[in-house]
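Novice: Sequence:
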Amino acid sequence: EDKMPNWCQNVIYVNHQDFKLMESTLEAIKQGRLCDHIIPYPDVFKDIHSGYCTINGEDHEVWRVDAPRDADYITKMDADNIPIPEKEQKEIIRKYGCIKPIDWTSENWGMKWDISEVEYHGFGELDLHRSFGLHCFKFDTPWCSPIPVFEKMHQLGYVLFAEYVEYGMGFCGQFMDGKEYYNNSIPDDWNVHKYLEQVYS
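Counting from 1, one number per residue, gives the positions in the sequence shown under the numbering used here.
Fair warning: there could be bad hints in the mix.
Derived DSS-like pairs (lysine-lysine); straight-line CA-CA distance at most 25 Å [claimed, not checked]:
{"hint": "1", "residue 1": "LYS112", "residue 2": "LYS90"}
{"hint": "2", "residue 1": "LYS90", "residue 2": "LYS179"}
{"hint": "3", "residue 1": "LYS46", "residue 2": "LYS87"}
{"hint": "4", "residue 1": "LYS87", "residue 2": "LYS138"}
Here are the in silico distance ranges between beta carbons for each label pair [to be verified]:
{"hint": "5", "residue 1": "GLU117", "residue 2": "ARG64", "range": "21 to 31 Å"}
{"hint": "6", "residue 1": "ASP103", "residue 2": "ILE74", "range": "52 to 62 Å"}
{"hint": "7", "residue 1": "ALA67", "residue 2": "ASP189", "range": "41 to 51 Å"}
{"hint": "8", "residue 1": "PRO40", "residue 2": "TYR182", "range": "36 to 46 Å"}
It should be emphasised that the hints constitute simulated quantities derived from the structure, not laboratory data. Cβ coordinates follow ideal geometry from the N, Cα and C atoms, glycine included.
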């Protein structure tokens, strides 16, 4: 079972010259699906659960649940667990490099889950960002920032500047021009969260 993460606070400024692409990206971010939008989550993992469970007296680290994908949490908890045949597991590993959903998201998104606690702040208040028409968002991510997703966005032609800070473990950083700049300690003047409070409150 996964421990609850320390939450990393992110602020991003983003735009793309393709208006329709940017519209769909804005909608995905607002829905908390930035990572899935940029690096899509494979359908095969949407039915797989991982951890530890016992089915017919045998221990399993991955399994499926006999409930619809869109069923609520209680329905899934009450549903029967179904083992995944070893042959199918091997095929999924061959194709995707892993069998556990969390291993895939960690490898491809740099973290276990997609973004949450999303706030949209329009074009912000800074003249530099407004002049480029950069949309400003603040959101939380588990443990760290989604750097592989930012790198993919850069490759896809997005204009992107990001800052992040994780107060629990005490690190912070920036992403600009396609590169991450990481600090393993938080300088006194590094205040992503306070900056947003000052600008948007």
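Novice: Give a verdict on every hint.
Specialist: We went through each hint and held it up to the structure:
Proximity of LYS112 to LYS90 is assessed by CA-CA distance (about 22 Å); at most 25 Å being required, the pair is judged to hold. Distance restraint check for LYS90 and LYS179: the Cα-Cα separation of roughly 35 Å exceeds the 25 Å cut-off, and the hinted pair is therefore not satisfied. The straight-line distance between the Cα atoms of LYS46 and LYS87 is roughly 19 Å, inside the 25 Å bound, and the hint therefore holds. For the hint linking LYS87 to LYS138, the alpha-carbon distance of about 43 Å lies beyond 25 Å, and the restraint is violated.
Checked against the given bound of 21 to 31 Å, the beta carbons of GLU117 and ARG64, roughly 30 Å apart, stay inside it. As the Cβ distance of ASP103 to ILE74 is approximately 27 Å, the hint placing it in 52 to 62 Å is violated. A C-beta distance of roughly 50 Å is found between ALA67 and ASP189, which places it inside the suggested range of 41 to 51 Å. One distance hint, 36 to 46 Å for the beta-carbon pair PRO40 and TYR182, is violated here, with the actual separation near 26 Å.
Against the hints set out earlier in the document, violations occur for numbers 2, 4, 6, 8.
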